[in-house]
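**Q** Here are the chains, one letter per residue:
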Amino acid sequence: MTPALSLRNLRKVYNEKFEALKGISLDVMPGDFFAMLGPNGAGKSTTIGIISSLVRKTSGVVEVFGKNIDTDFSIAKKYLGVVPQEFNFSMFEKVEDIVLQQAGYYGLPRKQAVVQTEKYLKQLSLWDKRQTPARMLSGGMKRRLMIARALVHEPQLLILDEPTAGVDIELRRSMWEFLREINAAGTTIILTTHYLEEAESLCRNVAIIDQGVIVKNTSVKSLLQQLNKEVFIFDVSGDLQALPNLQGHRVAQIDEHSFEVEVDKGQSLNAVFSQLTTQGFEIVSMRNKSNRLEELFVAMVNANKDLASAAQKEVQS
Amino acid sequence: MSLQEQWIAFLTILHKEIKRFTRIWIQTLLPPAITMVLYFVIFGKLIGSRIGDMGGFSYIEFVAPGLIMMAVLTNSYANVSSSFFSAKFQRSVEEILVSPTPNYIILLGYVMGGVARGMAVGLIVTLMSLCFTDLHIHHWFITIFIVLMTSVLFSLAGFINAVYANSFDDISIVPTFILTPLTYFGGVFYSINLLPEFWQHVSVFNPILHMVNAFRYGMLGITDVHIGLAFTGLTICVVVLFIIGMHLLKTGKRLRA
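Line by line, the protein sequences are chains R and P. Quick note on numbering: the first sequence equals residues 6 to 322 in this note's numbering. Quick note on numbering: the second sequence equals residues 387 to 643 in this note's numbering.
Calculated directly from the structure, the hints in this document are not laboratory data. Every residue gets a Cβ at the ideal spot worked out from N, C-alpha and C, and that includes glycine. One thing to keep in mind: the hints can contain errors.
[As the list claims (entries may be wrong)] Label-pair distances were calculated between CB atoms; the ranges are:
#1 R:E186 x P:R409: 32 to 40 Å
#2 P:H522 x R:K127: 51 to 59 Å
#3 R:N20 x P:N489: 52 to 60 Å
#4 R:D244 x P:N552: 53 to 61 Å
#5 P:I608 x R:P138: 48 to 56 Å
#6 P:T637 x R:Q128: 48 to 56 Å
#7 R:L274 x P:F475: 55 to 63 Å
#8 P:L416 x R:Q136: 22 to 30 Å
[As the list claims (entries may be wrong)] Lysine to aspartate or glutamate pairs mimicking EDC-like chemistry, simulated, CA-CA at most 20 Å apart:
#9 P:K474 x R:E21
#10 P:K639 x R:D75
#11 P:K639 x R:D102
#12 P:K474 x R:E205
#13 R:K270 x R:E205
[Claimed, not checked] Short derived list, chain R residues pointing at chain P, Cβ under 8 Å:
#14 G46
#15 L59
#16 K83
#17 M96
#18 Q107
#19 P114
Isolated chain P (complex conformation) (with noise of 0.2 Å):
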C-alpha cells in the first residue's frame, strides 16, 4: 500500500471508531460526565469543603485533574477493549485482517479511535469541573503530553486485553480489578504525602500515580512525584506495549487459525 492508501485506511479505522462511540452516547460519554459530577458535588463540595487545602490548593481543585485524568484513561481502555472485543466477536475483525492494511495501521486506528473518546469524555469532565471550580494550567505542553500519552498507553493495554479476551468478562475483569483499585490508589483523592511512609513507597509502584501527578503538575504546579521519571516512564510503557500490540497482530495469536 501506499503511503496514501494507509493515510485512508487509518483515516476509515478512525472514522468507524468515532462513529461508533458517538452512535452509544448513552453508554460512552453520558456516564462518565454524571459519574464526575457526583464526584465533583461529594467530593468536591460536600465533603472536600470541610478537608481545606490539599498543597495549597482548595480540595475541589486539588481533586480536579485527577478525576479528569481518571475519565480519561478508564475510556480509552474501556473504548479499545470493547470495540476490538466486539469486531473479533462477530468477526468483523476479519474486513480489516483480509485487507492489506498493515498491522501498525490497524493498531494505531483503533489506539486512536480509544485516544478520541478519551479526549472527548476528558473534554466533557473539564467543562463540567467548570461549573464546580475554575482551572488552571500551569505548564500547557506537560499537561497535554501527559493526558495524550496516558490515553494512548491505556488504548494500547485495552487492545491488548480485547486479543486476549475470550469473552465480554474478561474485558471487565481488568477494569474492574486492576485499573480502578490502582486509580483509586493512585493520587486521585490525595497526596501520598498524607500516607504513612511505608504506603508511600509502595504507592510509588502504582504508575498511574505518576500519571495523575504529572498531569497535577501541569495543572496546579504541585506533585509528589518525580516529573522527568513519570515522562521517561509513560514513554517506555508505550513503546513497550505497541511493541507486544505489533507482536500479537503479525502472529495473529486469537486473531488467525
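Here chain R stands alone, though its shape is the one from the complex (with noise of 0.2 Å):
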C-alpha cells in the first residue's frame, strides 16, 4: 500500500549552520492517526514545513500518496490540508472570505467552494461568525478557522502543527471529536502536539523526534506497553505527620496532604491499601500521578540527550 506520507533521509541545513533534521525517515499509512512528539527546537515544525513546501530542504525525498512534492507538486499539494502552529491569515478579512479564497487557490469552482465552506465552518461551529473580521474572533475560534480553512478542499491528509496549543479544556475536547470524526471518515491526520494525554487519547501510531532524528516510531499502544511502572497519588484526610512504610515501593511526599506511591504494573492495589490501614492512614482519594505516555516520552528524550552527549565527548577527545 502506497503510505500517505512518505519521508526518506530529509535533512536541513539552516544557513550552513544548524542541523534541524539529520536526515529522518518515515512513513505513515492511509487512514492513520499519527502523531510527532518532541520537545520545542526537535524538528517537528521544520518537517511539516517541508512537507508543506514553507520551507526549502537540504535533501531528502517527500511523497504524498506516492506524489513527490518537487516533481508533481501541484497533485501532492492537493492532497494535503495543513493547519500551521501560529495564526496565518489576513486579520482584517472575513471569516468566510478566507476559507473561500483557500477553495480559489486550490482550484475549486465558486458552487462547490461555497457549499464546502459552509459545511466546514458549520462543522467547526463559524457559520454564524462567517460575516466577523478575523481579529475579532477568539484564539479558539482561531484556531477553528485554520482548520476549516485547510478542509475547504478535502484533502486526504491534514496536518495539524499543535492544533491545540492554548484551547481551554473543554474546546479542546470537542476538537478531539471533530477530529476524530474526519479520521473515521478516512482522512489520514498527524498532528505534533505537547500535550501527551492528546496524542495518547486521539492517535495510533506515534514518533518522538529529538534533536533532528527519530528516535522512536512505533504504535501508542506497543509504547504503552514499555512503561513498567506506575505511580499513584493518594490523598489522605488532615495533615500528613509521616508518610508511610509500605514495603516494595517508593513512597515521596508531594504536599501536607498527598504523598505518591510507585507501583509495579498489572500489580494488585490491595496489599497498598492493607498497609496503609495497618498503618493508620485514611485515604480520601486516589490518582493517577501524570500522563503516562509523558513519563516515557521524558525518558526517551533525556536517553537521547546522555546519548548525543556522550557521542559529542568522544569527538572532542
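Mind assembling these two chains? They're in different frames, but the hints should get you there.
**A** Shown next, in the form of C-alpha cells:
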C-alpha cells in the first residue's frame, strides 16, 4: 500500500550551520492518526514546513500518496491540508472570505467552494461568525478557522501543528471529537502536540523526534506497553504527619495532604491499601500521577540527550 | 492544476486584491483624486494660465496626461508592494504558498491587482481632469498600451520591493526616494526642450520620461522622445522584471525558510 506520507533521508540545515533535521525517514499509512512528538526545537515544525513547502529542504525525498512534492507538486499539494502552529491569515478579512479564497487557490469552482465553506464553517461552529473579521475572533475560534480553511479542499492528508495549543479544555475535547470524526471518515491525520494526553487519546502511531532524529517510531499501544511502573497519588484526610512505610514501593511526599506511591504495572493495589490501613492512614481519594506517555517521552528524550552528549564527548576527546 | 483550476486561482487572487483596495478606498482611491485636483487647480489653472502654451497646447492640457500617468504608476506600485508585504508580514501569503497555485499565477494575480488599482485611479483622475480641461485621444492604441504596460511594470516593481522588504519602512523608501524624484523630473510638468542641453541628455536616462511622453503622444500627439524606444524599453523592462519576480518565487527568497 502506498503510504499517505513518506519521508526519506530528510535533511535541513539552516544557514549552513544548524542541522535541524538529520536525515529522518518515516512512513505514515493511509487512514492513520499519527502523532509527531518532541520537545521544542526538535524538528517537528521544520518537518511540517518541508512537507507543506514553506521550508526548503537541504536534501531528501517527500512523497504524499506516492506523489513527489518536487516533481508532482500540484497533485501532492492537493492531497495535503496544513494547519500551522501560528495564525497565518489576514486579520482584516472576513471568516467566510478566508475559507473561500483558500478553496480558490486549490482551483475549486465557486459553487463547490461555497458549499464546502458552509459545510466546514458549520462543522466547526463558525457559521454564525462568517461575516466577522478574523481579528475579532477568540483564540479558539481562530484555531478552528485554520482547520476549516485546511479542510475546504477536502484533503486526504491533514497535518496539524499543535492544533490545541492555548485552547481551553472544553474546546480541546470538542476539537478532538471533530478530528476523530474526520479520521473515521477516511482522512489521514498527522499532528504534533505538546499535550501527550492528546497523542495518547487520539493517535494510533507515534514518532518521537529529538534533535533532528527520530528516536522512536511505533504504535502508541506498544509504546505504553514498555511502561512497567505506574505512580498513584493518595490524598489523606487531615495533615500528613509522616510517610507510610510500604515495603517494595517507592513513596514520596507531594504536599501536606498527599503522597505518591510507585507500583509495578499489573500489581494489585490491595496490599498497598492493607498496609496503609494498618498504619492508620485514612485515604480520601486516589489518582494517576501523570500522563503515562509523558513519562516515557521524557525518558526517551533524556536518553537521546545522554547519547548525543556522550557522542560529543567522544568526538572532543 | 488544470488550466481551468489555474484560472480560478488567478481570479481568486485578483478578486481578493480588488476587494482589498476598494474596502480601504479612503486610503487608496480618495487621496490620489484629491491630490490630482490640487495639481489641476494650482499648476493647471492658477500657475498654468500664466505659463501659456507648451508644445502647442495650453499648459493644463499638456500636464493632464502626465498627471494621469503619475497617478497610475504610483498607485500600481503602492498596491502590490503594500498588499504583498502585508501578506508576508501577517504570514497569510502562506495560504497561497502551500496551495498548488503555480508561481506565475501568483505573480500575475498580484500584478493584475496592481493594474486594477492603477486603472481605477487613472480613470478617477481622468474624470477629474474633465472638470478642468478637454481631453483628446490622438492614438487610442498607444494610449491604452502605454498606460497598461506602465501599470504592469510598476506592479512588478512593487512585487519585487515587497519580497525584499523586511519592514513597512522598506516599502516606502523606493516611492519616496526614487519614484517621486524620477516622476517629477520625468516630464510630467514640463517639456525637456526647456532644459539646458546637458540636462536634456541626462533626462533621457529617466525611464519615466519615456512613459510619460509616450502616453502624452497617445493623447496629444506630441512627444520629447522617440515612441519606438519607449515601446521597446517598456516591453524589455516588463519582461526582465517578470523574470526576476518568477525567480524570487521559484527560489522562495524571503518567502520560504
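**Q** All hints, please: hold or fail.
**A** We went through each hint and held it up to the structure:
no., hint, in the structure
1, R:E186 x P:R409: 32 to 40 Å, "holds, 36 Å"
2, P:H522 x R:K127: 51 to 59 Å, "holds, 57 Å"
3, R:N20 x P:N489: 52 to 60 Å, "violated, 24 Å"
4, R:D244 x P:N552: 53 to 61 Å, "holds, 60 Å"
5, P:I608 x R:P138: 48 to 56 Å, "holds, 49 Å"
6, P:T637 x R:Q128: 48 to 56 Å, "violated, 38 Å"
7, R:L274 x P:F475: 55 to 63 Å, "holds, 57 Å"
8, P:L416 x R:Q136: 22 to 30 Å, "holds, 25 Å"
9, P:K474 x R:E21, "violated, 24 Å"
10, P:K639 x R:D75, "holds, 17 Å"
11, P:K639 x R:D102, "violated, 28 Å"
12, P:K474 x R:E205, "violated, 36 Å"
13, R:K270 x R:E205, "holds, 18 Å"
14, G46, "violated, 14 Å"
15, L59, "holds, 6 Å"
16, K83, "holds, 6 Å"
17, M96, "holds, 6 Å"
18, Q107, "holds, 6 Å"
19, P114, "holds, 7 Å"
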